[in-house]
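Participant: Sequence:
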Amino acid sequence: LTTLRATERVDLADGTVVLSGNAVFEKELNLTGAQVETSARFEVQGLLTLDHGGSLTFSGPAAQFVGSGGVAGAHFTFAATDGAVIQLPGLSHLQAPGDFEQFFPAGTAFTASGPGSRLTVPDLITVDGPVDWNVRGAPAVRFEAANGAELQLPKLTQLNGRTQLRALG
Numbered sequence: 099l100t101t102l103r104a105t106e107r108v109d110l111a112d113g114t115v116v117l118s119g120n121a122v123f124e125k126e127l128n129l130t131g132a133q134v135e136t137s138a139r140f141e142v143q144g145l146l147t148l149d150h151g152g153s154l155t156f157s158g159p160a161a162q163f164v165g166s167g168g169v170a171g172a173h174f175t176f177a178a179t180d181g182a183v184i185q186l187p188g189l190s191h192l193q194a195p196g197d198f199e200q201f202f203p204a205g206t207a208f209t210a211s212g213p214g215s216r217l218t219v220p221d222l223i224t225v226d227g228p229v230d231w232n233v234r235g236a237p238a239v240r241f242e243a244a245n246g247a248e249l250q251l252p253k254l255t256q257l258n259g260r261t262q263l264r265a266l267g
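Count along the sequence shown starting at 1, add 98, and that's the number in my numbering.
No lab work stands behind these hints, which were simulated from the structure alone. Computed from a predicted structure; not experimentally measured. From the three backbone atoms N, C-alpha and C, an ideal C-beta is built for every residue, glycine too. Don't take every hint at face value.
Using C-beta positions, here's what the derived DEER-type ranges look like [unchecked claim]:
hint, residue 1, residue 2, range
1, D109, P187, 15 to 25 Å
2, S166, D109, 32 to 42 Å
3, S118, T224, 29 to 39 Å
4, S190, V164, 11 to 21 Å
5, S190, Q143, 16 to 26 Å
6, S166, K253, 15 to 25 Å
When you get a sec, could you build the whole thing from the sequences and use the hints?
Facilitator: What follows is the structure, encoded as C-alpha cells:
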C-alpha cells in the first residue's frame, strides 16, 4: 500500500503490510502477529497494541512514528533501521509475561540498526521481564543498538527478570 487512512479500529493478525506512503490510524491499532514495514509517517491516534510476535519496522530517514494514544503489548518488535529516527512516547512501564514464551522465544525487542538510526523510548522507567525458565535461554525483553545506531532510554532506572541490553558496533 502507498497511503492508508483508517477511521475505525484496525485489527491485523498475521501477514505483512508494507507502506511506502503515510498511514494514519484514528482509533486503536492492534497487531497480533502482523508485521508492518514503513518508510514514511506512521500515526496512531488511539492505543497501539502489539502482541504475539507483531512488529513495526521503520526504515529510512523519512520514517516517522507519531503516537498519541499510548502503547501496550508483549512479545513484539519495534525497530528503526537505515537512518530512521523514531520516538515511542507514552510507554512508562513494560511488563513482559512469561506465557507464550514457548511460541515466541525472542520475547519483546526494541532495536535500532544502521548509521543515523535512533529509537527513543522517552517515558520508559521500569521493565519487568519474565522470571520463569526459558529452555533456549533467550531474554524476554531485549534492547539493542547495532552498526552505529542509538537506542535512547533516558528515564529507564529499573530492569527486572529476563532482560538484555546490547550495543554492537
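Participant: For each hint, tell me whether it holds in the structure or not.
Facilitator: Results for each hint:
no., hint, result
1, D109 <-> P187: 15 to 25 Å, "23 Å, holds"
2, S166 <-> D109: 32 to 42 Å, "19 Å, violated"
3, S118 <-> T224: 29 to 39 Å, "36 Å, holds"
4, S190 <-> V164: 11 to 21 Å, "18 Å, holds"
5, S190 <-> Q143: 16 to 26 Å, "19 Å, holds"
6, S166 <-> K253: 15 to 25 Å, "19 Å, holds"
Of the numbered hints listed earlier, the single one contradicted by the structure is hint 2.
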